[in-house]
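Protein chains in written order, with my numbering: chain A, 3 to 147; chain B, 3 to 147.
Hints were generated in silico from the structure; no laboratory data involved. There could be a bad hint or two in this list.
All copies of an identical chain are treated as equivalent in the list; a pair is satisfied when it fits inside any one copy or across any two copies.
Computed cross-link-like contacts, PhoX-like style, restricted to lysine-lysine with a CA-CA straight-line distance of at most 25 Å [claimed, not checked]:
1. Lys-116 - Lys-79
2. Lys-116 - Lys-12
3. Lys-87 - Lys-116
Number of protein chains: 2
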Amino acid sequence: MTTIRPLVEKAFPFVERMGLRLDHIEPGRVRMTCPLEPNTNHIGTMYAGALFTLAEIPGGALFLSTFDAATYYPIVKGMEIKFVKLASTDISVEVSISPEEVARVSAEADANGKADFEWDCELTDAEGNVVCVTTNHYQLRRHGS
Amino acid sequence: MTTIRPLVEKAFPFVERMGLRLDHIEPGRVRMTCPLEPNTNHIGTMYAGALFTLAEIPGGALFLSTFDAATYYPIVKGMEIKFVKLASTDISVEVSISPEEVARVSAEADANGKADFEWDCELTDAEGNVVCVTTNHYQLRRHGS
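Same shape as in the complex, but just chain A (with noise of 0.2 Å):
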């Protein structure tokens, strides 16, 4: 698993810029955490764009965990975010998708060449307060399809 974090954390300058940092990942759950700085607004909290990236980027880190990167690639297809408090400190986000599911998603993409999944997130700050609520919605496509 070790030889994913560059590709998540160093996925693209976007996500570089941002700091993004991979705290944990195996098969079917990633945790990662957005650091406070670089990624301030005008009133020194988090901005939404940095909230909606950490709940995002998760997707392709589960993805690279527990997929078959030779035979799929996922896309994004949307987001549902709400912002329910001030993000003052670093955030965390964890997601995991369940062996059920990923079978279900994968029998379906062969079939199809494509399969829909969706998983809800939360974004926590540093004492465990949730700052971003998200319902992110993807797309498992298989390669040649």
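Since the structure of chain A is provided, determine the placement of chain B on it from the hints.
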């Protein structure tokens, strides 16, 4: 309106790093553009987090051009965002708010200290294709309420 430009384009480091440009601003209307570089993802198209930010930041610009910042301030409550096409050029967005909606939101914030408002927006590529659609939820708050 020219004094608003640095407040928007260099509002905070996250926005400045992306190179967001304020193309046009007047009371009730704003147009902005996000350059493809340095905002690409691992496949060379514009990253979803950059598209989110391009959809969100005009809310602040429109506020500055339309409402009295000495009396009110805006917060972003949430967004529904759908990615409908790969974004492979610079991407632009234009948002507007009618005088009637400005009057409604201001009156409600005067009466209650806060007022919700929202708008839909489309992000378009250099050929005019829609790459992303959003519904943005904001709240206008009256200072001291």
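(message) Tell me the hint numbers this structure goes against, listed in increasing order.
(response) Of the numbered hints given earlier, the structure breaks just one, which is hint 2.
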